[in-house]
Every structure is written in C-alpha cells, then in structure tokens.
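There are 4 protein chains.
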Amino acid sequence: MQHAKPLPSYLVQRYHGWKATTYKDNQAWYHRLADEGQRPRAMVISCCDSRVHVTSIFGADQGEFFIHRNIANLVPPYKPDGLQHGTSAAVEYAVTALKVAHILVLGHSNCGGVQGCLDMCSGHAPELEETSSFVGRWMDILRPGYDRVKELPSESQRDALEKQAVIVSLENLMTFPFVAEEVEKGRLSLHGLWNDIGEGGVEHFLPETGGFQPI
Amino acid sequence: MQHAKPLPSYLVQRYHGWKATTYKDNQAWYHRLADEGQRPRAMVISCCDSRVHVTSIFGADQGEFFIHRNIANLVPPYKPDGLQHGTSAAVEYAVTALKVAHILVLGHSNCGGVQGCLDMCSGHAPELEETSSFVGRWMDILRPGYDRVKELPSESQRDALEKQAVIVSLENLMTFPFVAEEVEKGRLSLHGLWNDIGEGGVEHFLPETGGFQPI
Amino acid sequence: MQHAKPLPSYLVQRYHGWKATTYKDNQAWYHRLADEGQRPRAMVISCCDSRVHVTSIFGADQGEFFIHRNIANLVPPYKPDGLQHGTSAAVEYAVTALKVAHILVLGHSNCGGVQGCLDMCSGHAPELEETSSFVGRWMDILRPGYDRVKELPSESQRDALEKQAVIVSLENLMTFPFVAEEVEKGRLSLHGLWNDIGEGGVEHFLPETGGFQPI
Amino acid sequence: MQHAKPLPSYLVQRYHGWKATTYKDNQAWYHRLADEGQRPRAMVISCCDSRVHVTSIFGADQGEFFIHRNIANLVPPYKPDGLQHGTSAAVEYAVTALKVAHILVLGHSNCGGVQGCLDMCSGHAPELEETSSFVGRWMDILRPGYDRVKELPSESQRDALEKQAVIVSLENLMTFPFVAEEVEKGRLSLHGLWNDIGEGGVEHFLPETGGFQPI
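Chains as they are written, first to last, in my numbering: chain A, 40 to 254; chain B, 40 to 254; chain C, 40 to 254; chain D, 40 to 254.
Since no wrong hints were added, every one of them can be taken at face value.
Since the list can't tell identical chains apart, any single copy or any two copies may satisfy a pair.
List of simulated lysine to aspartate or glutamate pairs, EDC-like, C-alpha gap at most 20 Å:
| # | residue 1 | residue 2 |
| --- | --- | --- |
| 1 | Lys-58 | Asp-100 |
| 2 | Lys-138 | Glu-238 |
| 3 | Lys-138 | Asp-100 |
| 4 | Lys-58 | Glu-223 |
| 5 | Lys-44 | Asp-64 |
| 6 | Lys-224 | Glu-210 |
| 7 | Lys-138 | Glu-75 |
| 8 | Lys-138 | Asp-64 |
| 9 | Lys-189 | Glu-168 |
| 10 | Lys-138 | Asp-74 |
| 11 | Lys-138 | Glu-103 |
| 12 | Lys-118 | Glu-166 |
| 13 | Lys-224 | Glu-75 |
| 14 | Lys-118 | Glu-220 |
| 15 | Lys-224 | Asp-64 |
| 16 | Lys-189 | Asp-158 |
| 17 | Lys-224 | Asp-74 |
| 18 | Lys-118 | Glu-169 |
| 19 | Lys-63 | Glu-238 |
| 20 | Lys-58 | Asp-74 |
Read the hints as simulated data drawn from the structure, not as lab findings.
Construct the entire structure; sequences and hints are all you get.
Here is the structure:
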C-alpha cells in the first residue's frame with residue numbers, strides 16, 4: 040500500500056487535545072472497556088451522512104452504542120447465501136454476541152441516498168439502474184418502500200420515503216430468525232426514529248398508528 | 040411493523056437535553072446543513088465497536104466526517120456484480136458524489152471481529168465457517184491478512200491482524216477505479232489508523248516502512 | 040513598484056518545510072478547496088495582534104474559518120455611503136455570499152488598540168485626536184464602549200473596554216440589515232469571546248447576564 | 040445584545056484540547072508575551088479567505104506576525120480625511136508603534152473578491168456598482184489594476200488581477216509618508232506574494248522584472 044499518507048496535522052493536533060483532556064479524565068473507564076470488553080446497551084443503525092451525529096443527539100459516551108452506519112440506514116432482508124452482507128453481519132454480532140437490548144434504526148431528513156432511490160424508481164436516474172452502480176443496487180432494498188409512497192404528492196415523497204427506509208428496515212430485521220426470537224422473548228426491542236436535521240427534531244415510529252410522532 | 044417500541048425514556052430525556060443546549064447554540068449551522076447539503080472533508084471507515092468514538096477523538100462536529108461503520112472496518116475488493124454491497128455503495132457515494140478529500144480507515148485494539156477471524160482461520164471456530172454465518176462470511180475479507188500474520192507468536196497475532204484489517208482495506212480501496220483515479224490525480228488521499236482503546240493511543244500506517252507509528 | 044524585496048530567506052526555508060510536509064499530506068484537500076471553492080462554517084473577526092492565534096486555539100484547518108482581522112476586532116455601524124469600508128465588505132461577503140452560520144468576535148487581553156482608545160478618551164493621547172491619525176479615527180468606533188466603563192476604577196478599565204469592543208461590535212453587526220435578517224431567521228448566530236493571552240483563558244459573552252464567563 | 044449565543048460545543052472542546060497541550064507546553068512564552076507586549080517582526084496583509092493559512096505556510100508562532108486580513112488583501116491609497124480606514128489604521132500601528140521590519144502582502148489564487156472586481160469592471164455585475172455594495176466599493180481600490188489586465192485573454196485575467204491586487208497594494212503602501220520614510224531609511228522592507236491554493240505554490244514579486252517568480 041504505497042498510497043497511504045500520514046494523518047493531516049490538524050487532526051493530529053485535535054487528537055492530542057482529546058488525549059490530554061477527554062481521555063485523561065476518563066482513563067480508568069477506557070482501561071476497563073479495553074480489559075473487560077464492550078457491553079453496549081443498544082445497537083444503532085444510522086446513515087453515513089455527516090450531518091447525523093447519533094452520539095451527540097443521545098448524549099452517548101464510549102461503550103454505550105454499537106453503531107452501524109450505511110447509506111440510508113438500510114437493513115436488507117435475511118439471506119444466508121454465503122456471500123458478504125456487512126449489515127447482516129453487524130446485526131448478527133450485536134444480537135447474538137453482544138446481546139444488545141435495543142436496536143434503533145435512525146433515519147433523517149435531506150437524505151441523499153433516499154433522494155437517489157426516488158430518482159431511480161421514478162425513472163429520472165438511469166445511471167443508478169446500471170449493474171455497476173453500488174449505490175443503485177444498495178437502494179434496491181428500499182424499492183418496497185417506494186411502492187408505498189409513489190402515489191403521494193411529489194413534494195411529500197422524500198420525507199415519506201425516508202420514513203419508509205426506517206419501516207422497511209424494521210420489517211427486514213424481523214426476518215432474521217435470531218432477531219425475531221429475541222424480540223418475541225422480550226429480550227430485544229426495536230425502535231424506528233427519524234431526525235429532522237435543520238429543526239433538530241426527532242420522531243419515533245408508533246406501530247399502533249403506523250405513523251411517526253415527535254418524541 | 041407491530042413490533043416497534045417507543046424510544047426508551049432515558050434516551051428521550053437525553054435528546055431533550057441536547058435540543059435545549061447543543062442544538063439551540065448551533066441552530067444556524069443545522070439550518071445551513073439542511074438547506075445547503077453536506078460537504079464533508081473526509082470519509083471515515085471504522086468499526087461498529089461501541090468503544091470507538093471517532094468524532095470525539097478527532098474533535099469533529101456535524102458535517103465534518105461522512106462515517107461508514109461495519110464489523111472490523113473492512114472494505115471488500117471491487118466487485119460490480121449487481122448484488123448488494125453496502126460498504127462499496129458508501130465508498131462510491133463519498134468519492135463520486137461528495138468528493139471527499141480523505142478516506143480514513145480506523146482500526147482498533149481488542150476487536151471482536153478480528154478475534155473471530157483469527158479463531159476461524161486457525162480452526163478454532165467452525166461455526167464461523169458455516170455458510171449461514173454472516174460474521175464469518177464478512178470476515179473472509181480479512182483472510183489475506185491472516186496469511187501474513189499466521190507465523191507470528193500467538194500473543195501478537197491479534198494486534199497484527201487488526202492492523203492488517205486496515206492495510207487490506209486500503210489495498211482493496213485502490214481496486215475501485217474511481218478511488219484509484221482520484222488518488223492518482225492528487226484529489227483523494229488514503230490514511231490508515233489504529234486506535235489503542237485502553238491507552239488512548241493512535242498510530243498511523245507509514246507506507247515507507249510498512250508499519251504503524253504513534254501520531 | 041521598485042521597492043519590493045524578495046522574501047526573507049528564513050521564510051522561504053519555512054515555506055519549503057510546509058510544502059514538503061503539511062501540503063504534501065493534505066494535497067487532495069487543497070486541490071478540492073481550489074476547485075470547488077471555500078465553504079467556511081464561521082467568520083472570525085479578531086485583532087491583528089500577533090499574539091492572537093485563532094486557528095490554533097480552535098484547532099481550525101484551511102477552509103474552516105473566514106477570518107477578518109483589524110485593530111481591536113471592531114465592526115463599525117452600518118453606513119452604506121459609497122465610501123470604502125473594509126470590515127463591512129468582509130461581513131457582507133461572509134453573510135451574503137458564503138452564508139456562514141456563525142460570526143465570532145474575538146477580543147483579547149493587553150490590547151494596544153484598546154489602550155490607545157482609553158488614553159484618547161481620557162485625554163491622555165491628544166495625538167490620537169488628530170484628523171490624520173488613522174488609529175485614532177478607527178478607535179472612535181469604540182467611544183460608546185468607553186462611556187460605559189469610564190466610571191470604573193482605573194485598573195479595571197482596560198479589561199472592561201476590551202470586552203466592550205466585543206459587545207459594541209456585536210451591537211453594530213445587528214445594524215446590518217442582512218445580518219439581522221439571517222439572525223432572526225435562525226440561519227446565523229453571533230458569538231462574543233475574549234482571550235486572556237497570558238493565562239490562555241477564553242471567556243464568552245452571555246447576553247442573559249451581560250457579562251463574560253469562562254468556557 | 041440579546042442575540043449572542045454561547046460558543047458551539049465543538050469549539051469549546053477543541054479549545055480545552057489546545058489549553059491542555061499547546062498552551063501548557065508554551066505557558067512561559069504566553070506569560071512573557073502578555074507581560075512584555077508583542078514585538079512582531081513582520082506585518083502580513085492577506086485575504087480573509089478561509090483557504091489562506093498564513094501562519095501555517097510560514098510556520099509562524101504566536102507573537103511573530105501582526106496580521107491584517109481583508110477582502111482581496113488590499114491597501115487603499117493614503118487619505119487622512121478623518122474618516123474610518125481600518126486597513127490604514129493597521130498599517131499605521133504596525134509601522135509607527137510596533138516598528139515591524141517587513142510588510143508582506145499575500146495574494147492568492149481563486150480569489151472571490153478579485154473575481155467580483157473582474158465581473159464588476161467588465162460590466163457583468165451591476166449589483167456591485169451600487170452605492171450600497173460594500174464589496175463593490177471596497178474592490179474599487181483594485182480598478183487601476185483592472186486597467187492593466189483588461190487586454191489580456193480572458194482566461195488569464197483573474198490570475199493577473201490577483202497579482203495586481205498585490206502590486207497595487209504595494210504601490211499604495213508607498214503613498215503613506217511613514218511607510219515611505221521607513222523604507223527609504225532601510226528599516227522596513229515590503230514584499231509581494233501570491234499563493235496558489237491548489238498547488239501549494241508561493242511566488243514573490245520581483246521589481247526588476249515586474250513579474251512573479253516561485254520562491
């Protein structure tokens with residue numbers, strides 16, 4: 040790997056600042072986390088988007104959340120075909136090895152991935168239909184969600200599809216036998232959330248109404 | 040989705056604390072981020088491990104880092120076969136749509152995924168060899184790294200394999216044509232890092248020596 | 040311009056050091072910044088004083104802060120009279136073209152400009168009262184601040200007037216229609232700061248109390 | 040000033056990191072700087088542009104450079120009319136009070152202010168011609184430079200005008216009696232520089248040729 044570069048100096052400087060303050064003040068906790076392993080209470084599945092700061096919004100500290108982040112916070116359906124499924128591996132590890140008590144699926148407003156899905160499904164982004172488009176193929180997971188929002192007025196489709204990304208992922212989570220079993224035994228609970236970036240709002244999915252409501 | 044539950048109250052409470060403080064003091068920035076879109080400087084690929092807090096270590100705020108997190112911070116080789124590749128989709132979006140200037144691959148000590156890979160490759164975890172094991176199939180990506188560390192004394196194999204997870208991922212990144220092209224044009228740089236959880240240390244990969252060195 | 044000289048060699052030497060290290064490690068970012076333009080999150084208005092290092096104190100890298108520096112970090116009142124107003128031009132560009140989310144006004148201890156204002160207003164520096172004194176006329180902006188501190192014991196007047204330089208500038212910023220509008224829409228926030236050079240302290244202005252408090 | 044907000048928490052965190060490292064390691068120097076006042080060797084006049092990091096490029100530490108930053112690094116001609124001239128005040132203070140030995144005027148590539156001047160002077164930005172445009176009136180300083188580049192091919196006009204911003208400013212500096220006097224006595228030297236943001240290059244103005252040359 041002759042192409043790697045040293046870390047940019049502004050990050051080196053910030054790291055040393057963290058080491059001298061946050062790390063120093065919590066050294067004992069970091070040692071315990073290293074020696075005894077992690078024991079997170081929750082898994083969070085969120086988008087890679089730089090505007091979503093799940094640890095900040097929920098005041099989480101090191102050791103609290105096992106966090107998987109991918110484009111548009113999607114979970115694919117259970118498919119044990121021997122191929123590589125990074126999201127399914129993360130869910131499997133969280134539920135069977137770490138035995139987390141909660142899985143939070145956190146969607147958000149202004150999602151570029153969801154917008155891409157909308158463009159693709161409505162025929163406006165043929166490049167995303169190509170076999171070689173990783174983003175397009177990934178967003179295929181959300182096609183069942185598109186079918187549920189396509190009749191809505193166009194100005195409300197993206198928000199609705201962002202929320203479908205949460206609902207479809209929750210549905211797909213229940214297709215994993217080890218998830219369904221823990222949920223049914225009452226040892227694991229699933230939560231759907233949607234974050235409005237600009238307004239700082241968070242809504243959660245309520246299965247009784249099938250809708251989202253501010254927390 | 041009749042199985043979703045409302046958000047646990049301790050998280051609701053923390054959220055309201057964040058809204059009244061961090062959000063309130065940064066409202067203008069969140070509005071800008073929502074209206075004008077994200078333009079992160081770097082993509083970070085890190086592990087889902089709850090003990091790795093990349094935004095904290097590098098003092099990053101909302102909008103700075105596009106973050107993908109998966110088990111053992113792995114990037115698979117380029118394989119445009121029309122199947123779902125969440126990590127490849129995230130890399131594609133970061134490089135081609137967001138045009139990030141840096142990709143940081145951040146490994147860490149005490150990594151459960153890497154330990155699993157070590158156990159599997161050395162014949163001590165037959166369950167991970169099964170077709171149905173998502174974690175096992177995902178850790179297959181790191182097999183080329185195992186071949187490079189298997190002759191080491193057993194007590195130093197895990198650290199070495201954690202660092203191979205970084206190196207193998209950097210190597211695989213360069214198999215993506217759009218990554219290699221941007222790197223060669225000097226418009227994207229790759230960085231390999233390894234975080235010692237307990238000691239709070241960070242080392243970066245130096246291609247000249249092939250080794251890692253404290254920053 | 041027959042008077043210009045080549046750059047002193049100690050600076051040439053340092054530049055080559057920067058080029059071989061910081062530039063080389065961040066080349067991709069510099070290319071992006073050049074090609075895609077700046078999008079700084081904040082504008083900083085600070086003093087020219089050589090002891091104030093705003094990028095160092097706040098760990099900022101290239102591209103983060105749009106920085107205007109003048110004597111005593113002053114913003115004059117809005118006055119669109121067709122004459123040259125360098126500070127007003129900088130504020131206009133930051134808010135209307137770059138759409139920054141924050142303006143930080145950063146004052147500091149031991150400020151020579153503020154001391155000059157104090158001497159002038161208390162009758163001890165007649166040369167600063169002259170029409171031809173650029174420093175004197177510039178410090179006129181701070182006269183409303185002097186009126187608020189002149190009854191204080193003399194030993195505490197300079198600190199108080201340095202903080203007034205921040206407050207008066209924040210007040211004057213709100214006289215610019217485009218600043219007031221963005222602030223009221225929640226798309227721009229103003230922050231007042233004062234840096235103690237010797238002790239390395241930073242205090243911020245809290246409007247609830249009208250005073251400054253360590254951050 | 041009821042509109043000021045507390046400092047965003049990411050900057051508070053970074054500040055504490057700086058305090059615990061850079062400040063702590065240099066505490067004695069900061070105390071001396073506070074107690075004995077600044078004695079900078081050079082004044083730098085640069086653009087507010089967030090991509091220009093003069094302290095980084097020239098490895099400058101606290102106390103070395105007295106820095107004035109405005110749109111397009113311009114110095115207006117000497118005009119002691121009793122009105123407010125922030126740039127002239129900074130030059131006066133640097134030369135007569137601080138007795139700096141060098142003034143560096145640092146221009147740069149991709150300058151938005153210079154682009155605005157070009158648009159305005161070539162008739163493509165009528166809004167910048169308005170009395171109420173602070174940016175337009177400020178860029179009037181560069182009109183004499185436009186006259187020297189307007190016959191060039193359009194693709195090379197911006198670079199040429201950026202360099203004229205340096206030359207015009209050097210010329211205007213010499214109209215200040217206290218600058219001319221110090222230059223003629225050999226106690227002050229002026230330097231013209233231009234920074235290529237993307238390539239990391241720096242060129243200096245050579246009066247013998249009237250052109251710029253890489254340092």
